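Visitor: Based on the hints, put chain B in the right spot on chain A.
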Amino acid sequence: MLFIKIKEWFQRCISIILYIVLGLIILPTVSIANNDDLSMDQLADLDLFALSNIKVTTVSRSAEKLSSTSAAVYVITNEDIRRSGVTNIPEALRMAPGVQVAQLDANKWAISIRGFNSLFADKLLVMIDGRTVYNPLFSGVYWDVQDVLLEDVDRIEVVRGPGGTLWGANAVNGVINIITKNAEDTQGGLIALGGGSEESGSSSIRYGGRLGANSHYRVYTKYFDRNDFVDVKGQDTHDEWDMFQSGFRMDWNFAEDDSLIIQGDYYDGTAGQNVSVTIPTVIGATFFPDEVDISGGNFMTRWEHRFPSDSDIALQLYYDRTERRSTTNEENRDTLDLDFQYRVNAIEQHNIIWGLGYRQSSKVSKGSFTITFNPLRRNTELFSGFIHDDVELIKDRLHLIVGSKFEHNDFSGFEYQPSLRLKWTPDERRTIWGAVSRAVQTPSEGTSDLRINAAMVPVSPPPPVILAPVNLTGNKDLDSQTAMAYEIGFRSELSDRISLDFSFFYNEYDDIINIELVPGGMAVIFDNILNGETYGGEVLARFKITNRWLLTAGYTGLQMQLHPNSSTLNQSIDESMERVNPHNQVHLRSIHQLPHNFEFDTMVYFVDNIDVSPPLMSTIHIASYLRLDIRLGWRPKANLEFSISAQNILDDQHVEFVDSSSSVQGSKIERSIHAKITWKF
Amino acid sequence: MIKLFQLVPDLYWVVVYAFMFLVVSTNVMATRAEIDKPTLEYKIKSTYLFNFIKYVEWPERRLNSAPQNSLIIGVVGECRFGNALNFFAGKTVKGKSVVIKKINDMYKMEECHILFFSSSESKNIKRYIRFLKSKATLTIGESTGFINQGGIIEFVINQGVVNFKFNLDIAKKEGFVVSSKLLKIAKEVKGK
Chain A
0 MLFIKIKEWF QRCISIILYI VLGLIILPTV SIANNDDLSM DQLADLDLFA LSNIKVTTVS
60 RSAEKLSSTS AAVYVITNED IRRSGVTNIP EALRMAPGVQ VAQLDANKWA ISIRGFNSLF
120 ADKLLVMIDG RTVYNPLFSG VYWDVQDVLL EDVDRIEVVR GPGGTLWGAN AVNGVINIIT
180 KNAEDTQGGL IALGGGSEES GSSSIRYGGR LGANSHYRVY TKYFDRNDFV DVKGQDTHDE
240 WDMFQSGFRM DWNFAEDDSL IIQGDYYDGT AGQNVSVTIP TVIGATFFPD EVDISGGNFM
300 TRWEHRFPSD SDIALQLYYD RTERRSTTNE ENRDTLDLDF QYRVNAIEQH NIIWGLGYRQ
360 SSKVSKGSFT ITFNPLRRNT ELFSGFIHDD VELIKDRLHL IVGSKFEHND FSGFEYQPSL
420 RLKWTPDERR TIWGAVSRAV QTPSEGTSDL RINAAMVPVS PPPPVILAPV NLTGNKDLDS
480 QTAMAYEIGF RSELSDRISL DFSFFYNEYD DIINIELVPG GMAVIFDNIL NGETYGGEVL
540 ARFKITNRWL LTAGYTGLQM QLHPNSSTLN QSIDESMERV NPHNQVHLRS IHQLPHNFEF
600 DTMVYFVDNI DVSPPLMSTI HIASYLRLDI RLGWRPKANL EFSISAQNIL DDQHVEFVDS
660 SSSVQGSKIE RSIHAKITWK F
Chain B
0 MIKLFQLVPD LYWVVVYAFM FLVVSTNVMA TRAEIDKPTL EYKIKSTYLF NFIKYVEWPE
60 RRLNSAPQNS LIIGVVGECR FGNALNFFAG KTVKGKSVVI KKINDMYKME ECHILFFSSS
120 ESKNIKRYIR FLKSKATLTI GESTGFINQG GIIEFVINQG VVNFKFNLDI AKKEGFVVSS
180 KLLKIAKEVK GK
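Protein chains in written order, with numbering that gives the first Met the number 0: chain A, 0 to 680; chain B, 0 to 191.
Since the hints were derived computationally from the structure, they do not count as laboratory data. Model, not experiment: these values are computed from the prediction. Do not take every clue at face value.
Said to hold, decoys possible - Among chain A residues calculated to face chain B with C-beta under 8 Å, some are: (1) F48; (2) A49; (3) S51; (4) N52.
As the list claims (entries may be wrong) - Quick list of in silico lysine-lysine cross-link-like pairs, BS3-like style, CA-CA up to 25 Å: (5) A:K394 / B:K189; (6) B:K101 / B:K189; (7) B:K125 / A:K394; (8) A:K543 / B:K101; (9) B:K125 / B:K95; (10) B:K186 / B:K125; (11) B:K125 / B:K101; (12) A:K180 / B:K186; (13) B:K134 / B:K100; (14) B:K53 / B:K172; (15) B:K90 / B:K107; (16) B:K95 / B:K189; (17) B:K122 / A:K394; (18) B:K186 / A:K394; (19) B:K107 / B:K134; (20) B:K122 / A:K543; (21) B:K132 / B:K189.
Think of the CB as a built atom: it goes at the ideal place given N, C-alpha and C, for glycine as much as any other residue.
Here chain B stands alone, though its shape is the one from the complex:
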């Protein structure tokens, strides 16, 4: 038994090198689709994004402004949804077909009904919000203080659970009608 233990350090390096070989070979075989697998956190966040559509009413003209009867969800910044958000692409809600778009240009934001700002964009939030003022866009973020910067919904993680804060003041100003059920679930509502 003692003899065996003396071998362990050498064995460890054998394992490490074998493991590295495994890593390299797996890498070669890797396919694009597998890289897109998201974490549970972003699966839940994408499900929220889709659900928000059901509980928020856009001003009538805003909803009909988009082409081909679609409802557009835009993602700004580093996208961690992988293929989770695409799960909802093409699904019909409120008679509209959901379209998912990756937004790299500020002027493309205008056509989106929902905009999600990744935490990688935390420095630019104020600028975006100023640009989106009075455009009836449901702004959703995940950086701390998002609703204090004028955003409408801020994802928070509290005790391991994904929840959100809601800025009702801004939502009302932008002309949204929000279901009380949504506000009940929100962790915090600003301007009740």
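Isolated chain A, as found in the complex:
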């Protein structure tokens, strides 16, 4: 059976290689119909001003801008998202090399960069238009409520490696920055309707207009409904998911050197799950179908002013409300954040940015026997400041970037996160960079306040059986986890058609927080019990085979070595965590413009096997998988698009991840097919 599987895989790999090789030989000379909207007759009639306002999108140009950054950055463009056929942000992140995306059930993903993946991966900072969406309660991201109108996304910047110097604590292993378009770039109407085997229905409507000479707005609303997946036994896992979201954005250039952004969103939906519930009178814990009510909203405003001296300031304020009600817990949170930033270009060869920030987050939770918090109400404050200097040592060739973030939080007090970067650009086509950074992961409300009764166990021989809970408790005396990261990278455009990007890292972690055993065996507690190293690298190659055909290939390698402190009782913790991330990941994307305005796009992902070990339980092995997604699009007119995309074509269903805290049951990720129509007017 295994042999047949391997043989099948082998055949498929051979076919893929054959397809690519043949394509390489044949396609450069193939005739391709002209798809661009404007003819030479139309263009020749335009004056210079009109000409300088026509949008062209080129994949290679955005990459060129990247070629001079001194960090491992990958940008997912609006076009990348459209061509991938994905319908949400987590799935879009699969395109970025170095990101480990593992779907747990229909509405949950474990997403991390450079190791330590879990449902609540805590070493990754995620922002949408400058608003932090990292939730301090579980020190992770609730991906089920992080949505935008994908058609209005300008780009998703994925930074691998520490970003703490600019963005603050919790950006230990990476930063994901989701940036939506300026309202000026989303004028007119858009209607997108979709439906398929898993996402049974989705609709998006957006309208953008003009309020005055220098002011533009857009409003949007979207709704989708997803079906549930199945568990290993083929039973429904009750993870159906529906969501309504609506929002607006206004961009106003009220003076020549001033701009103002005002934007807001509101969402409301339900996300199903099979949640683990502990009942005092029942041995163990039981999975119950649960509907989590999720709703919230946010409001953001940002003012930017540019001085004649090429310096600028920005002031940003946002408010965010999230509400989450499940069988086992209820959380309501209000976050207020104020940021000020000043970029000074006054001193020759120095580009200095400094800033100050304040954040207040207050939550009210209502626990249950299974999970609760001590205290249930909490108000936390964060004060921060940063300074960052880009020194041009040799004009256009050698840059030194130094900086540090300083912050004060309620859990570990004062923290500093410096970094030192060097960037050498021997010519326009090559960049070599290196960096040493210190990053900090502060204890969170979760690791401090949490109390979970994971299961009931008998503590006396019958009769009568006395049950007692096995519990996990937070620890109020935790230290911050620290990381020293050493990175080098190399980026090169070998020609106009081929570009390469390499980055390698070696990270040292101290005081990693994990689960410590308590003598007696009935309780576990969070503690700083691990040290360790991770090392690896990411390689990305782009081949622009013709002007109409782009191939991207990526490889991600990662190794984790963890060492329990000599004093810890949990001496086997290292083995259970070292394998939560795949050692190898490969992805291949083909973006292909066909004749008659057809588009054919293929994505292949290989993800190596992983092991997940829930505390006090045996290790769960998750096999490697090969995933194939395809999309066929047709644009009969510039403003009309039909597409059919299929995900997970190679197998009926496969498991991608298991929650190590066993709080929710995982699902098998099923094959799905999805059709969509988009009309702009």
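Guide: Then chain B, alone, in the frame of chain A:
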């Protein structure tokens, strides 16, 4: 329905092979003209090239130096204009007829009024510019830093829009008179 899904992997390869057959057969039928279709970016760049003629005044003797009352646009390096630039061939502007030439030899550059350097030539720009010094040639490039290397106009793509940087210092030195309207549209003017 489930049965149908089980067929999908096989179906995929059928589609792939069918597609490859399609590709091969289309290839056979391909005609030269269709290969020349340019992207929107190069259509816009070629329109700019033609428009620059209207907003830049050459020194009198330079304009009259060319044979048959023509104005010559030369393209150096890998040409991505396809048939877009040829659209303007033969058009009359300032009483001159536009001629498009592909330049493979440095000494043929001398007769051109406008020279466009493709990004494939980025390594040789300095050498070309040195050669063209005091020849009143409107040099246009698309590689980063073109105007810093002594070129006059550098195409840039900013926020998805094709624009250009203008080196007024060199333009003046070479004897050009440049319309203020052109400079207003430029993203950056060096030596205002």
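Visitor: Would the pair K125 of chain B and K95 of chain B pass a check requiring their Cα atoms to be no farther apart than 25 Å?
Guide: violated, 30 Å
Visitor: Need the status of pair K180 of chain A, K186 of chain B: alpha-carbon distance at most 25 Å?
Guide: Holds, at roughly 21 Å.
Visitor: Is it true that the CA of K101 of chain B sits at most 25 Å from the CA of K189 of chain B?
Guide: Judged against 25 Å, a Cα distance of about 29 Å means the pair is violated.
Visitor: Once the shortest beta carbon distance from S51 of chain A to chain B is found, is it less than 8 Å?
Guide: holds, 5 Å
Visitor: Check the hint pairing K90 of chain B with K107 of chain B against an upper bound of 25 Å on the C-alpha distance.
Guide: holds, 22 Å
Visitor: Given the hint that K95 of chain B pairs with K189 of chain B, test it: the Cα-Cα distance must not exceed 25 Å.
Guide: violated, 29 Å
Visitor: Under the criterion that the straight-line Cα-Cα distance not exceed 25 Å, is the pair K134 of chain B, K100 of chain B satisfied?
Guide: Judged against 25 Å, a Cα distance of about 18 Å means the pair holds.
Visitor: Sort out whether K134 of chain B lies within 25 Å of K107 of chain B, counting only the CA atoms.
Guide: Within the cut-off at roughly 13 Å; holds.
Visitor: Hinted pair, alpha-carbon criterion (25 Å max): K125 of chain B, K101 of chain B. Please report holds or violated.
Guide: Holds: K125 of chain B and K101 of chain B sit about 20 Å apart, inside 25 Å.
Visitor: Any CB of chain B closer than 8 Å to the CB of F48 of chain A?
Guide: holds, 6 Å
Visitor: Just to be careful, I want the Cα atoms of K53 of chain B and K172 of chain B compared with a cutoff of 25 Å; is the pair within it?
Guide: holds, 20 Å
Visitor: Regarding the pair K122 of chain B and K543 of chain A, is the alpha-carbon distance no greater than 25 Å?
Guide: holds, 21 Å
Going through the hint list in order, the structure does not satisfy hints 2, 6, 9, 16.
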